[in-house]
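*Asks:* So the chains spell out like this:
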Amino acid sequence: MLKLGVPSKGRLMEKTFDWFGARGIGLRKSGSDREYAGAVDGIDGVELVLLSAGEIPRELAAGNIHLGVTGSDLVREKLANWDMRVAELAPMGFGGADLIIAVPQAWVDVTTLDDLDAAAAAFRRTHGFRLRIATKYHRLVRDFLRDQGVADYQLVDSQGATEGTVKNETAEAIADITSTGETLRANGLKILDDGLIHASQATLFRGRRHNWTDAQRAKLKALQMVLGV
Amino acid sequence: MPTSPETLKEARRLRDLFAAKGAQVIKADVLQPADTLLDLYGEDIRARAYLTSDPLRGEMVLRPDFTVPVVQMHMQTHADPARYTYAGKVFRKQETDETRANEYVQVGYEVFDGQNPAAADAEVFAAIAEGLAGLPVRAATGDIGVLMAAVRGLRTTDARKAALLRHIWRPVRFRALMKRFGSGKVTPAREALLAADDPFAQAGPDIGLRSRNEVADRIAALRADAAADPIAAEEIALIDAILGLRETAPNVLSALRDIAVDMPAIGDAVAGMDARLDAMADKGVDVGSLEFEGSYGRTSLEYYDGFVFGFYAKDRPEQPPVATGGRYDALTAHLGQGRAVPAVGGVIRPDLALGLR
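Protein chains in written order, with the working numbering: chain G, 2 to 230; chain Z, 1345 to 1701.
It should be emphasised that the hints constitute simulated quantities derived from the structure, not laboratory data. In this text the structure is predicted, and so the values were computed from the model without any measurement. Every clue listed holds true.
Cross-link-like lysine-lysine pairs, in silico, DSS-like; alpha carbons within 30 Å at most:
#1 G:K4 <-> G:K137
#2 Z:K1437 <-> G:K79
#3 G:K191 <-> Z:K1523
#4 G:K79 <-> G:K222
#5 G:K79 <-> Z:K1433
#6 G:K30 <-> G:K16
#7 Z:K1627 <-> Z:K1365
#8 Z:K1437 <-> G:K137
#9 G:K10 <-> G:K79
#10 G:K220 <-> G:K30
#11 Z:K1437 <-> Z:K1371
#12 G:K191 <-> Z:K1529
#13 G:K30 <-> G:K79
#14 Z:K1627 <-> Z:K1371
#15 Z:K1365 <-> Z:K1433
Pulled a few chain Z residues facing chain G out of the computed Cβ check, cut under 10 Å:
#16 D1388
#17 A1506
#18 R1554
Each residue gets a CB set at the ideal place from its N, CA and C atoms; glycine is no exception.
Assemble the whole structure, with the sequences as input and the hints as a guide.
*Replies:* Structure representation (structure tokens):
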């Protein structure tokens, strides 16, 4: 049996069902709408597991599921060395969103990371603490800023309503997911010209195969044939 | 993983060796307050060290090295000169290579002595080399002080020098700054902003702690920078030449003397290197074949600001260094609240050393 993890609700689940459906594999929730049980039509030996998109990277890496659909940003954020622990089978063309760094529009002197770094140095001198960037993507943002050589900042955790943290003065800048930038603009923020950390989309991943049975390996091949990936 | 009896025995041997050189044996808490390290390293420390929180003491860290607690201990004693040795575990997150140990023993030798920095550098290097005697290792050395002196000697504004010195340890940003300061150009959008009568005409709402005054101050700084002459191409070439040096120490020394003709500001640092090589030769180090790299120590060891060195297993380039060390004068100034004591030290990993026997 090959276990396929799919987000358990919302547009991401519906779009995933559509994507598989268009390729001849029917995925559906079984039982009532509130139950997280699923059924698979069009291929034998594949089991649908519905779970939170944020948990799919961990379950894939742990080997509890064999395949999983989740955002490419979540895999990179939640798994150290992600590309050694899971593999991308197919980008799915939906769920697109960019992880970006944004600062107040009032900062007319800041349009690039170079500016952000200089502003952070001055901010630390003036205020006595490092410039705060609110985010829930700690690993991705820290790795990005380290590679880019930005200093004198600190990350503060924000699990929701991140765009509001600047106005509330709990952060000076943010790093968050955006698809249209509308919410950012409404909150008086703008994206840095070179502030794109990762362009994310829903992606089909497989876990590491080292403890798979031959039947599971064969099943994956068969599924890939049907899906054309 | 529990430390093997052999590693503990080797750690004791090394600590006794350093103690016999007059070093006082000291201990440090495994759990250290995190604020000092966070202040020094910023977010990077979270990727490298294990942070945890205590309900009363706030954020704590499993010690990632002994240097900071040793400096703090020393700054309270006022002893000068002073020598310390210690043996104990340190803890480092390994985010990219799970085969690397995340807890291991370090044995260190630290010298606080402002009388003769060259002799102190040589003393620490020779002590570490003695601890590794007979092992198939090669030493790599460098001197961050030469690069810092070169930056201070650039014919440009103090603001630019400060920006470059701030990024000595971040090669990507350092290079980007050099390029920008050397180009004499700004983007059209930036030019328009600096020329604007009211730069805030298109600005959005004032939100957040960074005030309009702070933005205005930076615009003034940007205007001053745009009015300053670009850093001359010859000077940028000299910095590149220093960073590109990779030769035996005597050959590097003669190359640096040539560079000092065009850049007298590095004269003292070059003389210091000369004195250090003499002191090392006096200690029996084969300086003629000693490797020196102009950019050695610029990544990952942010508090070193002078002599830097590492010992590597000859046949195992993928292994972390068996020993590392360097001078950290600025760290003592930072932790000493105004009182600085020139300091240099090094650590050996007994587990890796044993693996080479």
